[in-house]
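**Q** So the chains spell out like this:
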Amino acid sequence: AQSVAQPEDQVNVAEGNPLTVKCTYSVSGNPYLFWYVQYPNRGLQFLLKYITGDNLVKGSYGFEAEFNKSQTSFHLKKPSALVSDSALYFCAVRDISGATNKLIFGTGTLLAVQP
Amino acid sequence: SAVISQKPSRDICQRGTSLTIQCQVDSQVTMMFWYRQQPGQSLTLIATANQGSEATYESGFVIDKFPISRPNLTFSTLTVSNMSPEDSSIYLCSVGLGAVNNEQFFGPGTRLTVL
Numbered sequence: 001a002q003s004v005a006q007p008e009d010q011v012n013v014a015e016g017n018p019l020t021v022k023c024t025y026s027v028s029g030n031p032y033l034f035w036y037v038q039y040p041n042r043g044l045q046f047l048l049k050y051i052t053g054d055n056l057v058k059g060s061y062g063f064e065a066e067f068n069k070s071q072t073s074f075h076l077k078k079p080s081a082l083v084s085d086s087a088l089y090f091c092a093v094r095d096i097s098g099a100t101n102k103l104i105f106g107t108g109t110l111l112a113v114q115p
Numbered sequence: 116s117a118v119i120s121q122k123p124s125r126d127i128c129q130r131g132t133s134l135t136i137q138c139q140v141d142s143q144v145t146m147m148f149w150y151r152q153q154p155g156q157s158l159t160l161i162a163t164a165n166q167g168s169e170a171t172y173e174s175g176f177v178i179d180k181f182p183i184s185r186p187n188l189t190f191s192t193l194t195v196s197n198m199s200p201e202d203s204s205i206y207l208c209s210v211g212l213g214a215v216n217n218e219q220f221f222g223p224g225t226r227l228t229v230l
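Protein chains in written order, with this note's numbering: chain A, 1 to 115; chain B, 116 to 230.
Careful, some of the hints might be misleading.
Each computed SDA-like pair below joins lysine to any residue, with the alpha-carbon atoms no more than 20 Å apart [claimed, not checked]: (1) B:Lys122 / A:Lys22; (2) A:Lys22 / B:Gly155; (3) B:Lys122 / B:Asp141; (4) A:Lys49 / B:Asn217; (5) A:Lys49 / B:Ser116; (6) B:Lys122 / A:Gly53; (7) B:Lys122 / A:Pro18.
In short, the hints are calculated from the structure, not lab data.
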């Protein structure tokens, strides 16, 4: 079965410092991986995806993610954190084993950026 | 991309009653998904709704409790029936734009509180 794991419930970082939000995956076949962000009282917003190609994927709001096949990881990164980046971040994998191609989400990581 | 709206945005309901949540998309889409996000938790897929066919429910969710309608390619409803406090959650509508490498787009969610 396809799954993703986010080992950290919360990540704290000072504004201006680099940030990393971790995600590992378990899939059979090629992985289709996604990152979403949820701001308070709002729906999920798509950040970026890995389908194939370059291992470093660039997305919205200055975020990027590095796909590492040997470590089965897809960590979200940003070189310089902003206070406005504080939100809940979800990693997700596409489940292609069924007919619906549904997304399976990780448990989420709360990012807190201190000024 | 797709713009998704949901009604109501929030509601407070009494135990034993039912609530119908509406999801409207600004373009025609094949697949629509309904998720539940319980307080402080990740997203759990309730069901997948394709136009012209019965909804496909995930393990742990049944049609009698969460009936879904999908009358056309831009609209769907989810009803939460015979509610209990355990149904207090955010309910999110999402759409897929076809291919497995495409991201899903999410509505703003409906925050339901059951007293």
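**Q** Run the distance test for Lys122 of chain B versus Pro18 of chain A: straight-line Cα separation, threshold 20 Å.
**A** 38 Å, violated
**Q** Keeping to a limit of 20 Å between CA atoms, is the pair of Lys122 of chain B and Gly53 of chain A held or broken?
**A** Violated: Lys122 of chain B and Gly53 of chain A sit about 39 Å apart, past 20 Å.
**Q** Are the Cα atoms of Lys49 of chain A and Ser116 of chain B separated by 20 Å or less?
**A** 14 Å, holds
**Q** Would the pair Lys122 of chain B and Asp141 of chain B pass a check requiring their Cα atoms to be no farther apart than 20 Å?
**A** 14 Å, holds
**Q** Holds or violated: are the alpha carbons of Lys122 of chain B and Lys22 of chain A at most 20 Å from each other?
**A** Violated, because 34 Å separates the two Cα atoms, which is more than 20 Å.
**Q** Run the distance test for Lys49 of chain A versus Asn217 of chain B: straight-line Cα separation, threshold 20 Å.
**A** 9 Å, holds
**Q** With the threshold set at 20 Å, check whether the alpha-carbon distance from Lys22 of chain A to Gly155 of chain B stays at or below it.
**A** Holds: Lys22 of chain A and Gly155 of chain B sit about 18 Å apart, inside 20 Å.
When each numbered hint is compared with the structure, violations occur for hints 1, 6 and 7.
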